[in-house]
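A.B. asks: Chains as they are written, first to last, in the numbering used here: chain H, 2 to 225; chain S, 11 to 257; chain U, 12 to 237.
It is worth saying that the hints were derived from the structure and are not from the lab.
Be aware that a few hints might be false.
As the list claims (entries may be wrong) - So the derived label-pair ranges between C-beta atoms look like this: (1) Gln7/H - Trp14/U: 53 to 59 angstroms; (2) Gly134/H - His208/S: 49 to 55 angstroms; (3) Val30/H - Ala25/U: 42 to 48 angstroms.
We put the CB at the ideal spot given by N, CA and C, even for glycine.
Single-letter residue listing:
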Amino acid sequence: MDAILQNFFNLAVYRDVFGFLLRGLWTTVWLSLLVIPIGAASGLVIAVAATQTRRRWVRFLLAAYVDFFRAFPPLVLLIFIYYGVPFLGIDLPKLMAVAIGFMLNNSSYYAEVFRAGIESVPGGQAEAARSTGLTRMQALRHVVIPQATRNVLPDLVGNSIEVVKLTTIASVVAIPELLRVARDAQSLVYNPSPIVLAALMYLALLWPLVRWLSRLEHRHVQAR
Amino acid sequence: MSAPILEIVDLHKAYGDTPVLRGIDLRVRPGELVCVIGPSGSGKSTMLRCCNRLEEPSAGQIVVEGVDITRADVDLNRVRQRIGMVFQQFNLYPHLDALGNVMLALRRVQGHSNDEARRRARSALARVGLADKAASLPAELSGGQQQRVGIARAIALEPGVMLFDEPTSALDPELVGSVLTVMRDLREAGMSMLVVTHEMAFARAAADRVVFMDAGVVVEEGPAAQVFERPAHERTRAFLSRHHAPC
Amino acid sequence: MEWFDRLVFTFFNAGVAARYLPDIVKGMGVTVALGLCVVAAGLVLGLLLAVLRTLHRPWLTLPIVAFADILRALPPLVVIIVLFFAFPYIELSMSSFTATWIALSLVLAAYAEESIWAGLLALPRGQSEAARSTGMSWWRTLRFVLLPQALRIAVPALTNRVISITKNTALGSVVALNEVLNNAQSASSNAGNPTPLTLGAVAYLIIFLPVVLGARWLETRWRWKR
Chain H
2 MDAILQNFFN
12 LAVYRDVFGF
22 LLRGLWTTVW
32 LSLLVIPIGA
42 ASGLVIAVAA
52 TQTRRRWVRF
62 LLAAYVDFFR
72 AFPPLVLLIF
82 IYYGVPFLGI
92 DLPKLMAVAI
102 GFMLNNSSYY
112 AEVFRAGIES
122 VPGGQAEAAR
132 STGLTRMQAL
142 RHVVIPQATR
152 NVLPDLVGNS
162 IEVVKLTTIA
172 SVVAIPELLR
182 VARDAQSLVY
192 NPSPIVLAAL
202 MYLALLWPLV
212 RWLSRLEHRH
222 VQAR
Chain S
11 MSAPILEIVD
21 LHKAYGDTPV
31 LRGIDLRVRP
41 GELVCVIGPS
51 GSGKSTMLRC
61 CNRLEEPSAG
71 QIVVEGVDIT
81 RADVDLNRVR
91 QRIGMVFQQF
101 NLYPHLDALG
111 NVMLALRRVQ
121 GHSNDEARRR
131 ARSALARVGL
141 ADKAASLPAE
151 LSGGQQQRVG
161 IARAIALEPG
171 VMLFDEPTSA
181 LDPELVGSVL
191 TVMRDLREAG
201 MSMLVVTHEM
211 AFARAAADRV
221 VFMDAGVVVE
231 EGPAAQVFER
241 PAHERTRAFL
251 SRHHAPC
Chain U
12 MEWFDRLVFT
22 FFNAGVAARY
32 LPDIVKGMGV
42 TVALGLCVVA
52 AGLVLGLLLA
62 VLRTLHRPWL
72 TLPIVAFADI
82 LRALPPLVVI
92 IVLFFAFPYI
102 ELSMSSFTAT
112 WIALSLVLAA
122 YAEESIWAGL
132 LALPRGQSEA
142 ARSTGMSWWR
152 TLRFVLLPQA
162 LRIAVPALTN
172 RVISITKNTA
182 LGSVVALNEV
192 LNNAQSASSN
202 AGNPTPLTLG
212 AVAYLIIFLP
222 VVLGARWLET
232 RWRWKR
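Full structure from sequences and hints, please.
C.D. replies: As structure tokens, then:
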């Protein structure tokens with residue numbers, strides 16, 4: 002018991018490293034705020050393209066893209082881009098590598114969610130919109146996509162929570178997000194309390210979101 | 011006068027502060043078909059569901075084949091094999107076909123072998139006229155057929171008494187007849203039955219005794235002809251005329 | 012075509028590939044073994060927790076809900092790091108395989124419990140009433156009537172979860188587990204050439220594309236049976 006307090010919940014160490022970890026937390030937050038909209042937007046574009054096109058080869062290509070990046074572990078993708086691309090002579094800033102890696106991975110998950118959402122809106126909705134003179138794009142923008150988004154809101158939120166958790170892999174390429182900072186702090190103080198504190202900070206950040214997501218899901222099922 | 015197969019003694023049931031049953035006494039004798047009629051909210055279904063303790067009585071006793079099933083030390087699972095129940099919403103298991111639905115309790119509760127369970131299940135399905143639908147899933151059957159499978163599922167265990175909770179209320183009118191026919195056949199074969207129903211014509215024609223319930227009490231009971239033609243109480247009369255009950 | 016030759020030399024170098032292929036294949040063995048262990052432990056634990064939750068005892072339900080919440084809120088890499096780097100300080104050291112296996116199994120168990128519980132909640136009450144009215148015990152009702160239906164409802168969510176969690180086996184590389192990514196990274200730095208990383212990427216596709224397609228097939232098959 003004593004060992005646990007000393008090594009996991011050492012208040013003196015907490016006090017020392019709290020400032021550093023807070024900065025790491027901030028990095029985690031803005032990295033998430035950067036990556037989520039990019040992933041969601043590209044996912045939406047892919048989903049719209051896949052559901053609206055009449056050409057089979059386009060649908061096939063997009064489906065292959067989505068399946069490919071869903072099968073590919075994000076950490077591997079990140080490493081590949083980060084370490085591999087400099088060999089081509091291209092000087093890629095760390096953040097760019099991370100952003101591209103995340104975008105490729107996330108867009109495929111968001112695309113799946115949005116596709117399910119668009120397909121869940123009855124065809125009659127678009128027909129009604131078109132019959133009042135709206136163009137295809139307008140019908141999509143004002144009628145189909147808002148409903149699609151509402152239908153899959155829990156999945157969108159759930160996916161976004163996953164992305165925040167995913168930022169931890171950026172620690173492997175030395176982006177100073179929360180986990181990286183905590184690990185560095187641990188090697189400085191020879192005590193693992195910083196990583197336990199980081200875990201607690203992730204909990205503080207994400208547990209409320211997970212609870213909110215559960216409530217969203219229950220309300221969603223009842224509303225059906 | 012033989013001992014009753016099902017006896018409800020001074021049954022009370024309250025949800026929190028709201029009383030639903032205020033002292034029900036009722037007897038079903040072997041081979042009798044007793045119909046319970048009354049307005050919505052009178053507590054008919056609650057009373058029925060107390061008979062196999064799907065609802066727990068607040069006070070009073072339920073005695074089935076001489077056994078007081080409200081006692082704490084009773085083996086409820088064993089007792090429930092003696093009481094068959096048919097539900098308004100059928101409650102068939104959607105992942106099993108008709109034969110599977112009927113066989114499940116035969117195998118897993120009464121412990122029959124696969125072959126023996128299948129034989130009994132087929133015979134029960136034949137009794138309700140659905141021998142040819144043994145391999146059909148519930149989703150492939152009409153409402154009336156599903157309810158008859160529900161009846162087969164209950165009678166396959168050879169219970170001493172059967173409870174019917176508004177068995178035809180969820181059915182389209184054209185399908186009601188097939189279920190009522192099966193229920194009449196069961197009665198002819200000597201099954202003791204307690205039926206909560208809105209089907210006045212059926213109660214009038216098939217029941218031995220009719221019980222009229224209102225606001226948690228038994229207002230009136232007696233032979234079917236008597237209750238329908240010469241109701242003794244004003245409330246009974248009002249209810250029957252509201253439902254255009256045949257006289 | 013000079014840039015093309017450079018691309019091939021860099022990422023698809025046959026000589027380098029041949030030399031380090033055995034390492035990658037060995038890594039694949041570890042990845043697959045770890046994945047199977049995680050799926051087995053995670054699903055069994057998740058099912059057990061969901062079943063315990065049906066007992067409706069507060070002293071069971073509250074810890075289970077807390078467990079599910081915490082393990083869905085924590086990033087898996089953080090759990091692995093804590094198990095591997097922090098636990099030795101309280102006399103609980105473990106190998107990188109064990110740390111990764113425990114961490115990912117617990118995370119999968121949390122998601123599996125939630126999905127199965129949601130499936131059970133979605134069932135009409137009449138199902139358990141019908142089974143109980145034929146004298147079936149609580150356990151038999153669960154096993155033959157409720158769980159078969161709840162699991163069918165939970166299959167889409169479960170298969171997605173299994174896929175994403177088994178891909179997280181790559182996180183084991185962070186604690187020096189000798190799975191594909193780790194071996195590919197070492198090989199690449201030894202060779203001074205990222206071709207082993209390409210091999211690693213291909214190895215992951217070989218392992219996981221069938222899993223993704225298999226999951227789609229499983230979803231359609233179980234849905235139809237309803």
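A.B. asks: Which numbered hints are broken by the structure, listed smallest first?
C.D. replies: The structure breaks none of the hints.
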